[in-house]
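Colleague: This is what each chain is made of:
Number of protein chains: 2
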Amino acid sequence: MRVAIVGATGAVGHELLSVLERSPLQFTELQLYASPRSAGTTLPFRGQDLTVQVTPEGAIPADVILASAGASISKALAPAWVAGGAVVIDNSSAFRYDDHVPLVVPEVNGEAALQHQGIIANPNCTTAIAAVAVYPLHRQYGVRRMIVSTYQATSGAGAKGMDELLEGTRAVLDGAEATAQVFAHPIPFNVIPHIDAFQANGYTKEEMKVVWETRKIFGEPDLVVSCTAVRIPTLRTHSEAITLELERPATPDEARDLLRGAPGVEVRDNPGDKLYPMPLTASGKYAVEVGRIRESLVFPGGLELFVAGDQLLKGAALNAVQIAEYLQQHGALPQ
Amino acid sequence: MRVAIVGATGAVGHELLSVLERSPLQFTELQLYASPRSAGTTLPFRGQDLTVQVTPEGAIPADVILASAGASISKALAPAWVAGGAVVIDNSSAFRYDDHVPLVVPEVNGEAALQHQGIIANPNCTTAIAAVAVYPLHRQYGVRRMIVSTYQATSGAGAKGMDELLEGTRAVLDGAEATAQVFAHPIPFNVIPHIDAFQANGYTKEEMKVVWETRKIFGEPDLVVSCTAVRIPTLRTHSEAITLELERPATPDEARDLLRGAPGVEVRDNPGDKLYPMPLTASGKYAVEVGRIRESLVFPGGLELFVAGDQLLKGAALNAVQIAEYLQQHGALPQ
Chain A
1 MRVAIVGATG AVGHELLSVL ERSPLQFTEL QLYASPRSAG TTLPFRGQDL
51 TVQVTPEGAI PADVILASAG ASISKALAPA WVAGGAVVID NSSAFRYDDH
101 VPLVVPEVNG EAALQHQGII ANPNCTTAIA AVAVYPLHRQ YGVRRMIVST
151 YQATSGAGAK GMDELLEGTR AVLDGAEATA QVFAHPIPFN VIPHIDAFQA
201 NGYTKEEMKV VWETRKIFGE PDLVVSCTAV RIPTLRTHSE AITLELERPA
251 TPDEARDLLR GAPGVEVRDN PGDKLYPMPL TASGKYAVEV GRIRESLVFP
301 GGLELFVAGD QLLKGAALNA VQIAEYLQQH GALPQ
Chain B
1 MRVAIVGATG AVGHELLSVL ERSPLQFTEL QLYASPRSAG TTLPFRGQDL
51 TVQVTPEGAI PADVILASAG ASISKALAPA WVAGGAVVID NSSAFRYDDH
101 VPLVVPEVNG EAALQHQGII ANPNCTTAIA AVAVYPLHRQ YGVRRMIVST
151 YQATSGAGAK GMDELLEGTR AVLDGAEATA QVFAHPIPFN VIPHIDAFQA
201 NGYTKEEMKV VWETRKIFGE PDLVVSCTAV RIPTLRTHSE AITLELERPA
251 TPDEARDLLR GAPGVEVRDN PGDKLYPMPL TASGKYAVEV GRIRESLVFP
301 GGLELFVAGD QLLKGAALNA VQIAEYLQQH GALPQ
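Chains as they are written, first to last, in full-length UniProt numbering: chain A, 1 to 335; chain B, 1 to 335.
Hints are computed from structural coordinates only; laboratory data are not their basis.
Warning: the hint list may mix true and false statements.
To be verified - Per the computed footprint, the stretches of chain A lying under chain B, defined by three or more beta-carbons under 8 Å from a beta-carbon of chain B, are:
1) 174-186
2) 189-195
3) 270-276
4) 292-298
5) 303-313
Glycine residues also receive a C-beta, built at the ideal position from the N, C-alpha and C atoms.
The following block holds chain A by itself, in its conformation from the complex (with noise of 0.2 Å):
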């Protein structure tokens, strides 16, 4: 089989090179596109040097494409790349709302992904890590209600973001001004309530994905859900404070031992030896870590808990690489 990565010299990108290598998938090819800037470099991949290509205007030869070079060049390209033949991965917002997409995270609908005409959508980075979490109790006990509030890290926005911290803390710390190009205010030891654009409720994007994308993927369209996304001076992984009110009432201990179980998940959760999920220690895990679990206070018999993932693994480049996979062994892509 062909893989091809568009994308490939990004954040997410360099991820996916790093998945691929550990990766389980069965390819005999891989294919590195990129922008004109970034064409000519070469990027290494088990004990070679692979030379990144121009993405080109219409069909890429390979079985699966995975695409993360934003949503305007998968809109303009994809239909040209499933045309000739492939199967698309999307890491984008282009196509994760249309109803003949599936919108998939393999721990929890991944037999959606065999459904799929042509693309399959990677969900938002915040999304997809509560939804390994959240998923297991909604199964189990029925999600009435879900409140989240996100501690996002500046790689959510790409290595850009990444750099405009190092800089910006490096410049206050020598006494001088941040500046802010990637984020709409210095982000150094900032807190920015605002990511992606304000829709006519007042809630942003990255908010309303949180929303789209939990029912769509639970397979539940009435599901209630809300959302308070914000920017923090962190490099790598979200944390997400998460309070739901649930159908049947669920003790933590129980909570606990059902996640134990759960695909994806870790649980980090012994507040007596300082356990719990923090960047610090989700940053380059694949399994998201979960913990902080109590009775919620203002839902009785409800939960209230704290997540970290690592947004470029599971919220992005892992999650994308665990579809292929899933439909490689499911039979629904070449070997």
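Add chain B to chain A, keeping to what the hints say.
Modeller: For chain B alone, kept in the frame of chain A given last:
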């Protein structure tokens, strides 16, 4: 009137001096006290250099004592200060839950301060900031449930907390590792969902302070409140994402209008101009910034909002001085 500050050399002590310098409070003498380690140093105040004295074991010859030297010192010494004739405004948690000690945010329950029996407690910083923003909404619309997620600055742990963030950040930028003495884990570029000690119910004491103290300040012993308290790598100003279920529905416009007339609040809520609460703009400001006001997606007719307040000011020094001002304005302290 004679004013004394106990804990004059700490982070809150520093702010107390600065707030008193601009305060309308009438006083003829300002005494500064701290631990033996800091005694003898001088601090500037209105053009004079005031010498810091060792906190005595017994009474202090002052009419009002602003205490900010920690709960154990307040617990041990405040009874003697009261016996010596002083009114004690205590910034620690030592007396906040005593039935005979008023817990006061002047914008909310200033009149409770007049009922004191010698000691008045200043609330936890996170609680005070939320209370200023939420109380006007509670009075008008009736808060039924309140869910808070916090984004708390390192100076909540004093000047040492800020130093640990700054030194650790320098270390990380130089390729070394940050260490943790003040916080449970390294805080640079990290998120720590652990402030104060864990309680039997899985919540931290910081989180339960928000529950207990909001009830006491609002005079609503049954108010349903929950909180996730999280330390993030910022220097000062606590931010909070707050979700409110209301007895009587409020539109975001009504809430904004109400809050524009509320004491201690600055409505900063124009997403189109990238105006919303942030530490960058709220630090050093007396008012609590309130914005991102929108209808709740989980509680129809309810609200979601984001607040940012300088926790060294409204969450500590400013609130304490405002209590003294209130007492003096109402004849409960001499001129």
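Colleague: Against the earlier hints, flag every one the structure doesn't satisfy and list their numbers going up.
Modeller: none
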